[in-house]
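Student: Listed below are the residues making up each chain.
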Amino acid sequence: MSSTNEPPESVHPKPHSAPDGAPATDPGHGADPAAAISQAAIEGVHNSPEFAQLRTTFRRFAFPMTAVFVVWYFLFVLLSTYAHDFMSMPFIGNVNVGLAMGLGQFVTTFLITWLYVRHANRNIDPLAAQLRTDLEGGSSHANG
Amino acid sequence: MQMGNPLLNMSIFGLFVLITLFIVVRVATRSGKSAADFYAGGRSFDGRQNGIAIAGDYLSAASFLGIAGAVAVYGYDGLLYSIGFLVAWLVALLLVAEPLRNTGKYTMADVLSFRMQQRPVRTAAATSTLAVSFFYLLAQMAGAGGLVALLLGITDKTQQGFVIALVGVLMIVYVLVGGMKGTTWVQIIKAVLLIIGAGVICIMVMLHFGFNLSALLGEAVAKSPDGVKVIQPMLQYGKDPLSFVSLSIALMFGAAGLPHVLMRFYTVPTAKEARRSVSWAIGLIGAFYLFTLILGYGAAVFVGKDAILAAPGGVNAAAPALAFHLGGEVLLGVIAGVAFATILAVVAGLTITAAASFAHDIYNSVLKDGKATPEKEVRVARITAIVIGVISIIGGVAANGQNIAFLVSLAFAIAASANLPSILYSLYWRRFNTRGSVWSIYGGLISAVGLIAFSPVVSGLKTSMFPAFNIAWFPLTNPALISVPLGFFLGWLGTVTSKEFNAAKHAEMEVRSMTGAGAEKAIAH
Chain A
-7 MSSTNEPPES
3 VHPKPHSAPD
13 GAPATDPGHG
23 ADPAAAISQA
33 AIEGVHNSPE
43 FAQLRTTFRR
53 FAFPMTAVFV
63 VWYFLFVLLS
73 TYAHDFMSMP
83 FIGNVNVGLA
93 MGLGQFVTTF
103 LITWLYVRHA
113 NRNIDPLAAQ
123 LRTDLEGGSS
133 HANG
Chain B
10 MQMGNPLLNM
20 SIFGLFVLIT
30 LFIVVRVATR
40 SGKSAADFYA
50 GGRSFDGRQN
60 GIAIAGDYLS
70 AASFLGIAGA
80 VAVYGYDGLL
90 YSIGFLVAWL
100 VALLLVAEPL
110 RNTGKYTMAD
120 VLSFRMQQRP
130 VRTAAATSTL
140 AVSFFYLLAQ
150 MAGAGGLVAL
160 LLGITDKTQQ
170 GFVIALVGVL
180 MIVYVLVGGM
190 KGTTWVQIIK
200 AVLLIIGAGV
210 ICIMVMLHFG
220 FNLSALLGEA
230 VAKSPDGVKV
240 IQPMLQYGKD
250 PLSFVSLSIA
260 LMFGAAGLPH
270 VLMRFYTVPT
280 AKEARRSVSW
290 AIGLIGAFYL
300 FTLILGYGAA
310 VFVGKDAILA
320 APGGVNAAAP
330 ALAFHLGGEV
340 LLGVIAGVAF
350 ATILAVVAGL
360 TITAAASFAH
370 DIYNSVLKDG
380 KATPEKEVRV
390 ARITAIVIGV
400 ISIIGGVAAN
410 GQNIAFLVSL
420 AFAIAASANL
430 PSILYSLYWR
440 RFNTRGSVWS
450 IYGGLISAVG
460 LIAFSPVVSG
470 LKTSMFPAFN
480 IAWFPLTNPA
490 LISVPLGFFL
500 GWLGTVTSKE
510 FNAAKHAEME
520 VRSMTGAGAE
530 KAIAH
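As they're listed, the protein sequences go chains A and B.
Per this note's numbering, the first sequence starts with residue -7, numbered consecutively.
Per this note's numbering, the second sequence starts with residue 10, numbered consecutively.
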């Protein structure tokens, strides 16, 4: 990643217009939107292999990745607090190991953001959109 | 040392107020009057706008002036502090933002109570929302007092109190007139000004060093009375590293539990836009913290540690003093105006969150069994906003001079201990139930506040809030090391000791949170 202040989303020049052209099902004014979907339909989707796949696709990325950045962050914090001499070792020029690792936290945060957004756009959104359309009876168009 | 021209600083701030008020009034006359309009800006913002507003909500004066100052005076440890604030956003991105948008309507409690008994869980969630918002508000209002001393040369406490009251009144006006839509625009404008302002000073600093970070660090080492220690860890936290570890737990797990941040995800129409919001916010917040690193070391080089500590605002004076050094009165005036704007935007966001939680969760769902009309509920929210404004003015005047960073870290600790365990459990743990949720929220809240009350921050030391007596038996200055695991543990314990499980509601919550089916759409006007 060369540019750090470029929000990662901008690499996906997809339209992002709100589905606000669906007044027929607009539940915004007091009506409970859940009422439109029957419990039977919910149960049907919940037990479907498509939903299981959606849940797995999401969790297989999000859960291990969370473990990675939590461990990496606390490694940095613990080394900074308890391994002063190691973190003070010169790395490049005046940048020592600790500062390099700190800047590395920025890089990995941007990288994980970009990876997750790409994963979600490619692998999660299509599955979710299909199930949503099924549940809402196709009356409001799917987004994305 | 008085820097710059107070009149100029005040005029630039006044200009910001005029422009934002104009926009807020314009927005208000064009938008609807429904609950979704007032609480969620009609869900009509796109991901980029909301991401910028989130950055505007999150980058408080404490992080702008405080972190730049911490880098200037303590070097490495200031950077260490800022990284926690950034990395924490990955929790929001990966685990919280999208399912929250899909399952809730206006408040954090909407999600927490989705498959639970409404009354106990909503009461608990609203209590913790109000607690977090109160400490956060107090920090911002008390910060306004310090800022006045620094930028307008007003050292008299009564006159500072007057400025705090002015900030409170403006914030009430923004919220009452503009609702969430107006508040969001204030945050967007402020975020753009803040990031551009910080970026410009950064470029001016880096021009001196040929855009070579290593050269800047070398000069900071040469100029600092602490020498090479300024680029090494533990110059600030060295005496009490465990407290810093505890603080970093609060930061990491607190951001995604801050109610005013969570509420921002309801202002976009879909989960996909909520995702875009967070990725924009991460880009902007990350860039901003990189700027503060350069600002801080720049201030260490050009202003110097001793001069910063001798200035009226102490550590907080680093960024304004650097602006004055590099760009004179005008640049200082711009930075001063931006700093004030920052406080205004953050307090407005906090006020609308607290007011929404009281009106939607306590008044309507708990007291009126969900039967109050949306009009009535919004009216209660407006009255609550006024009450909160008045309380925060009084609290801000009383807390003027208190340690702002401590108040903010306490808000993060409560959010991490009381809110996040319940949010994660209710989204991802099938078995989780009402008792688990209630125990986790109250347990996290009480342990976080209780441990702080018995910590050296409150009593026992000369630097404590009440130095006269000593009830401090808890050694750390941040409770998260104990209270966050306790929040998770109590959530588990409460759950497994209760047989309650609503399979139908769980299925509905899981399906809706993953697919977005039935989620409220944008309101077309």
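The set of hints was computed from the structure by calculation and includes no laboratory data.
One or more of the hints may lead you astray.
Unchecked claim - Have a look at the derived ranges for each label pair, beta carbon to beta carbon:
id : chain 1 : residue 1 : chain 2 : residue 2 : range
1  : A       : Thr48     : B       : Pro494    : 43 to 53 Å
2  : B       : Pro484    : A       : Gly96     : 40 to 50 Å
3  : B       : Leu318    : A       : Leu67     : 30 to 40 Å
4  : A       : Phe78     : B       : Ile480    : 53 to 63 Å
5  : A       : Tyr74     : B       : Val186    : 10 to 20 Å
Stated by the list, open to error - In silico EDC-like links for lysine to aspartate or glutamate, alpha-carbon gap of 20 Å or less:
id : chain 1 : residue 1 : chain 2 : residue 2
6  : B       : Lys248    : A       : Asp77
7  : B       : Lys238    : B       : Asp315
8  : B       : Lys114    : B       : Asp165
9  : B       : Lys514    : A       : Asp77
10 : B       : Lys238    : A       : Glu35
11 : B       : Lys377    : B       : Asp55
12 : B       : Lys232    : B       : Asp315
13 : B       : Lys514    : B       : Asp315
14 : B       : Lys471    : B       : Asp119
Built from N, CA and C at the ideal position, the CB exists for glycine as well.
Student: Identify every previously stated hint that the structure contradicts and give their numbers, smallest first.
Tutor: Result: hints 1, 2, 4, 5, 8, 9, 10, 11, 13 and 14 break, sorted rising.
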